[in-house]
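**Student:** Based on the sequences and whatever the hints tell you, model everything.
Quick note on numbering: the sequence shown equals residues 1 to 241 in the numbering used here.
FYI, nobody ran anything at the bench for these hints, they're computed from the structure.
Please note: incorrect hints may appear among the correct ones.
[Unchecked claim] Cross-link-like lysine to aspartate or glutamate pairs, in silico, EDC-like; alpha carbons within 20 Å at most:
| # | residue 1 | residue 2 |
| --- | --- | --- |
| 1 | K32 | E22 |
| 2 | K207 | E194 |
| 3 | K106 | E82 |
| 4 | K208 | D151 |
| 5 | K193 | D57 |
| 6 | K32 | E62 |
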Amino acid sequence: MIKKLLYEPDVEQERIDKYLRECLKISRERVKGFLKDGAILVNGRTVEPSYILQSNDEITIEENIPCLSSVALVKPEPGRIEIIYEDTDVVVVNKPPGVLTHPTDKVLTGTLVNLLLYRTTLSSIGQPYRPGVVHRLDKDTSGVIVFARTDYAHNFIVRQFQNRQVEKEYIALVQGRFKPLKTQVEFSITPGKENHTRMEVHYLRGKKAVTVLEVVKYIDNLTVVKAKPVTGRTHQIRITL
Numbered sequence: 001m002i003k004k005l006l007y008e009p010d011v012e013q014e015r016i017d018k019y020l021r022e023c024l025k026i027s028r029e030r031v032k033g034f035l036k037d038g039a040i041l042v043n044g045r046t047v048e049p050s051y052i053l054q055s056n057d058e059i060t061i062e063e064n065i066p067c068l069s070s071v072a073l074v075k076p077e078p079g080r081i082e083i084i085y086e087d088t089d090v091v092v093v094n095k096p097p098g099v100l101t102h103p104t105d106k107v108l109t110g111t112l113v114n115l116l117l118y119r120t121t122l123s124s125i126g127q128p129y130r131p132g133v134v135h136r137l138d139k140d141t142s143g144v145i146v147f148a149r150t151d152y153a154h155n156f157i158v159r160q161f162q163n164r165q166v167e168k169e170y171i172a173l174v175q176g177r178f179k180p181l182k183t184q185v186e187f188s189i190t191p192g193k194e195n196h197t198r199m200e201v202h203y204l205r206g207k208k209a210v211t212v213l214e215v216v217k218y219i220d221n222l223t224v225v226k227a228k229p230v231t232g233r234t235h236q237i238r239i240t241l
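**Tutor:** Structure (structure tokens):
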């Protein structure tokens, strides 16, 4: 069976040879060889090892690549999970804080994907660690997450996110009396120099982050704020606030 990975970046500006080295646990030289031979394709075409992955790039890996047998698949786990809505195409979950959306190469258990696979099926897109994952929330963030149960639904929902047809709202409790009552904040962010998984504000380069902020109410020296991200950058709301 041909494996397909849907790239959803934790780190922006990531080379495909570096990404697959971590994902498949093989050397970059072997990755380069597979790319050159056409055994690994991006969006159905061959690319150079220096290719910079873009959000939602589809990586296709031929079944005859021996390293795939060693890739750890997500194991179903019993546990409590709050289902808000479910049908044949999607399942909608209320994610609690402190829980990862999906496994990583370092954390393989205790995620929403582990819990969901115990009670239902998810799309094959995103294997090995992200089956059915069309968007994510940070570990410490709570809120609604949609998972795809079929490949058709997976691709359809991803296109909706790409075309900005999905509207998202977040509620945050911040220290101090937030002013003005409503504003739009815009700046550029880029991965940090010392820690590339931690995004930082940078006014001369990077990707634009746009967020609409509105005060809901004041509680003593705290403010309840509604945040609506116009763009979808990593750590966008936390950095903006």
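**Student:** Going back to the hint list, which numbers does this structure go against?
**Tutor:** Of the numbered hints, 3, 4 and 5 do not hold.
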